[in-house]
Amino acid sequence: GENVEQHPSTLSVQEGDSAVIKCTYSDSASNYFPWYKQELGKGPQLIIDIRSNVGEKKDQRIAVTLNKTAKHFSLHITETQPEDSAVYFCAARYNFNKFYFGSGTKLNVKP
Amino acid sequence: NAGVTQTPKFQVLKTGQSMTLQCAQDMNHEYMSWYRQDPGMGLRLIHYSVGAGITDQGEVPNGYNVSRSTTEDFPLRLLSAAPSQTSVYFCASRQDGGNTIYFGEGSWLTVV
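Protein sequence lines, in the order shown, are assigned to chains A and B. When the letters of the first sequence are read in order and numbered with our numbering, they come out as residues 1 to 111. When the letters of the second sequence are read in order and numbered with our numbering, they come out as residues 1 to 112.
Treat the hints as calculated values from the structure; they're not laboratory data. Incorrect hints may have been included.
[Claimed, not checked] Below, computed lysine-lysine pairings styled on DSS-like, alpha-carbon distance capped at 30 Å: (1) A:K68 x B:K14; (2) A:K58 x A:K98; (3) A:K42 x A:K98; (4) A:K110 x A:K37; (5) A:K110 x B:K14; (6) B:K9 x A:K58; (7) A:K106 x A:K71; (8) A:K37 x A:K68; (9) A:K71 x A:K57; (10) A:K110 x A:K68; (11) A:K58 x A:K37; (12) A:K110 x A:K42; (13) B:K9 x A:K37; (14) A:K98 x B:K9.
In this text the structure is predicted, and so the values were computed from the model without any measurement.
For reference, chain B alone in the conformation it holds in the complex:
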């Protein structure tokens, strides 16, 4: 029972590099989202999607890009990494009409 799967779990990037955090869910959930978690800041919504082909911005979208070509996958792209993007990233999904958010186990990203 996989749930929400994120890869990679750990990544170190140099400033200016780009990368993609992968997220997949096997629960056929329509709603998917990305959060970042920083000390003292809680979880902040980066981007979300209510279904394939539909994405929207959250609280802190700058520097990130998303797409949703399938129901299962919701990758997060860092266009040009900056030290301020050092964080723990969580992908999450939720059933359409449901309340419970299911989180992945997180991706630890360090930008040097």
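Isolated chain A (complex conformation):
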């Protein structure tokens, strides 16, 4: 199977600063890497994703990068705002039906 490791487990930044969360995966057969945001008391929601044939993808203040050779991918949030405070999960799709999630990063954006 797949193993996804995520770092850091907690991240505290000042409003307006950037935040970076990193994940590594173990199986080169994984081909799709989504990021989910979980607000308090809610289920996770997809915020951005990247396929294995793409190196970088941006959507306004968030971006994801993928290094297939090193088997790692990262989430970048620029100009952080208090509403970005949440738990973020990375994931890797190992086969079409199984997604393996990282352990989560609690992001705290201080006003």
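Using the hints, position chain B against chain A.
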């Protein structure tokens, strides 16, 4: 626009009791799954289904049972609850051929 609906939201069980977590989706998604979320462990797949009548095991299936008699419903049964099953449970669905997983709002289960 309901999406994925889970019930109950909170439940306390005694060790050895059985119960069923209900999950329903109104998006006509073929794929449904159950995850558990524990501190420092992320989301771990318990069981999943690719369509009515078809189920398969995920990473942590022991102690849980599922069935999929309709496209809409995917209940999770705890056969004999143990304190190790204290967790937050999420039901999720995905369109056949799609990538986005839609999660329910979670069910908080405590086994004492």
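Hint check results:
Proposed proximity of K68 of chain A and K14 of chain B is contradicted: the alpha carbons are some 47 Å apart, above 30 Å. Restraint check for K58 of chain A and K98 of chain A: the C-alpha separation of about 25 Å stays at or below 30 Å, so the hint holds. With a C-alpha separation of about 22 Å, the suggested pair K42 of chain A and K98 of chain A falls inside the 30 Å cut-off, and the hint holds. Taking the CA atoms of K110 of chain A and K37 of chain A, the gap is near 18 Å; set against the 30 Å cutoff, the hint holds.
As the CA atoms of K110 of chain A and K14 of chain B are separated by approximately 41 Å, the hinted pair breaks the 30 Å bound. Using a Cα cut-off of 30 Å, the hinted pair K9 of chain B and K58 of chain A is violated, with the two alpha carbons roughly 35 Å apart. The straight-line distance between the Cα atoms of K106 of chain A and K71 of chain A is roughly 23 Å, inside the 30 Å bound, and the hint therefore holds. Pair hint K37 of chain A plus K68 of chain A holds up; C-alpha atoms about 23 Å apart against a cutoff of 30 Å.
About 16 Å separates the Cα atoms of K71 of chain A and K57 of chain A, which keeps this hinted pair within 30 Å; it holds. With a C-alpha separation of about 33 Å, the suggested pairing of K110 of chain A with K68 of chain A is violated against the 30 Å cut-off. Between the alpha carbons of K58 of chain A and K37 of chain A the distance comes to roughly 16 Å, so the proposed pair stays at or under 30 Å and holds. For the hint pairing K110 of chain A with K42 of chain A, the CA-to-CA distance comes to about 21 Å; that is within 30 Å, so the pair holds.
Restraint check for K9 of chain B and K37 of chain A: satisfied, since their Cα atoms lie roughly 20 Å apart, inside the 30 Å limit. Distance check on the hinted pair: K98 of chain A and K9 of chain B sit about 25 Å apart at the alpha-carbon level, within 30 Å; holds.
Violated hints, in rising order: 1, 5, 6 and 10; the structure is consistent with all others.
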